[in-house]
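Undergrad: Both chains are sitting in their own frames, so use the hints and assemble them into the complex.
Spelled out from the first residue to the last, the chains are:
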Amino acid sequence: MNKSVTGKGHNVTPLQDSSRRSERSKDQWSQLLEQVGASQDRGAFHQLFEHFGPQIKYYAISNGIANQAEELVQEVMISIWRRASTYDWRKAAASTWIFTIARNQRIDMLRKIQRGSAEMAIETEDLWQIPGDDEKDPVPSLHRIIAERRIRDSFQHLPEEQVAVLAKVYLEHKSHQEVAQEMDIPLGTVKSRVRLALGKLKVILQDQDL
Amino acid sequence: MSVHHPDEMLLTEYSAGTLTEPMALCIRMHLERCAHCRSQLDMLNSLGAIMLDHSHHASKVSDDLFDSILTRLDDPEQPPDNEQQATETDNRSPLEKMLGTDLQSLPWKRQLADVSVCDLSDYFPGDERVTLQKLCAGGRAPSHTHGGKEATLVLTGAFADGNGVFSKGDFVILDEHHDHQPVALHGEDCITLSVLDAPVRLTGRLTRLLNPFIR
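In the order they appear, the protein sequences are chains R and Y. Letter by letter, the first sequence follows residues 1 to 210 of the numbering used here. Letter by letter, the second sequence follows residues 1 to 215 of the numbering used here.
In silico lysine-lysine, DSSO-like type, Cα no more than 30 Å apart, as pairs:
1. R:K191 - Y:K168
2. R:K26 - R:K200
3. R:K202 - R:K26
4. R:K200 - Y:K149
5. Y:K60 - R:K26
6. Y:K97 - Y:K109
7. R:K112 - Y:K97
8. R:K191 - Y:K149
9. R:K112 - Y:K60
10. Y:K109 - Y:K149
11. Y:K168 - Y:K109
12. R:K112 - Y:K149
13. R:K202 - Y:K168
14. R:K202 - R:K191
15. Y:K97 - Y:K149
16. Y:K97 - Y:K168
17. Y:K149 - Y:K168
18. Y:K149 - R:K202
Bear in mind the hints are in silico, worked out from the structure with no lab data behind them.
Next comes chain Y alone, as it looks inside the complex (with noise of 0.2 Å):
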């Protein structure tokens, strides 16, 4: 069971069906492993349902609608539907099916000793940055905090820094007031799906320098 959860704010945009791509894509891996999310998120797509019902402003749909519904089931050409199928038969996480692989395969790049990241970014729409970072076992990362909003899900291993310890299925977002240096604890890497909507900003005195990015 997870201990670090999206709030319910992240929460209640994902039911409604408002989130971005990837964002979204981190809390359906965070739901696969926390049977309390699934549970809170069951009662907010119940408020969804209760919204729809009561917004009295039902439309009138045109007289022929339904006709041409019932012309399209009996339509022998339509494709039928073979996503139950596929998911009946398929076990693999949605990350997994999306990238056609696993995560040690990935073409990743190492940056620093200790630290290799893998871009998702192309797979998606959008500005977001999507990233898998691997930390090897008993790695460390460079302090560092971020210009914007990174939301974070550790997908193996697990990871310690000054406010906690994340292991595999937590979701944590991580903004400009976290200065972190995450090491990861060994015995495994830590590798965790990243959304970012601002590019990260190093904070050791040198690298500061380097970074482009600071305001």
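Excised from the complex, chain R in its bound form (with noise of 0.2 Å):
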């Protein structure tokens, strides 16, 4: 185990000048979700409802939870509100940090609804990590950023068939055997488009890349 892993002083490993460099790609959201966390600033939790409420809402959607499609939008919002100041721009991108928000608000909604008035025995939060909230991590931020940056861009260029299998166990909440089934395509076929995509867009990591 590496040593900057064990206490709370550590968290922040990247040098000086790298600190620097990466503080300039902090990306448009990731301020404004600062400012959120820092004063409250309801000119700018306004311009994030712009950009993610409609995309929350097509993911809910899309999920196929329609009915409770400006529900699961007004949760992620406030969620995004109250946990803003929590917010650590070098642990995850705004964006990479919202979608996790609106993930686990999707599944508490589904939870809740499956289980009506029982309660739960495990939160969904403790199933499902938002990142950042883990003391224990260090803080990769100009690795993470030059990762998300790669992703972002080789994504433009993968084919149109392994971008329909990823949306759909993303977007549609589909098991790699229900996307097979729902596209008639063999269990095999989904398995080997979403790991040749994620090859490209290389998230599947060697071992040396760490």
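TA: Here you go:
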């Protein structure tokens, strides 16, 4: 285990130089989110809503909860507002952080519908963590930002059939098995498309890349 | 650092939030101990954000939605978000939080000389059989295979079988192709969290006759 992961005080790993470089790469959404966290800036919050609100609504609809779509948008936005002060741009881009909140709120909503009034044995957030909540993790900011940019760039070049499979998994909440049934292709084909896509995006890391 | 990891398919489904609760718990418990998979998950989460952004079909929201949100923010009746406080002060693992006790104090049921089991299925919705399995230090489990897929996460100690040595934090999926006879290493009881989507099939000659699940 890396020594730097042990203490709270060692969380910030980058050198001065790379820290300054990555500060410049902070995207506009991360800046807005920080403003919300630092000073409850409602203007910044509104800009985030304008950008992410419609995405979250689409996410809800494609997930088959069209009737609760705006409710999900509300829950996600309120969660963003309340947690903004814990957001750390070095640990995740704002869009990634917001994706995980939307995912968790969606799961939470479905779990509540499924369970009715029965108490949940385990909180959604104990099952699916929001990035940055884990104090143990060091902050590989520059590495993360480079990786994220690389994923974003190479995503443009993914063949449509691979994007389609990823969309079913990420936006429609489908398991690989369900994707196979729905697209009427063998499970092996689904898996190989996902694998190919993750390979091209270099999401699958070899140990030496770490 | 763990040696045995969930594959990228499982991590992708975890990131997308499509796994069942018990499977998500296994992955979460693995992530606790595995920086490698945490790093992969970060990237998969970034991919999730890109997918959300890429959809182009962003749906127009109602004109008054933002106002409704502001109203809720201003509502003093709204319960404060105490989740963050809870995570800050609570160092227990998600599993311990769920159980509300430590592993040793659970109502273990001894099944065989070396094997005890504690069934957790009732904590979760769905049909999976979720169990904690304890193989006492140096103990040996009977040879068995699996009628379905069994995800196993090592919580304490370590066990070895024909496929290798599995220690704390390791994650492995066993299925009908694995006929294994795990042996716990000496020194510490080996406790695993197992999620089985179909019943275990015993492969000993006599037990086979007794097993109702032979197809």
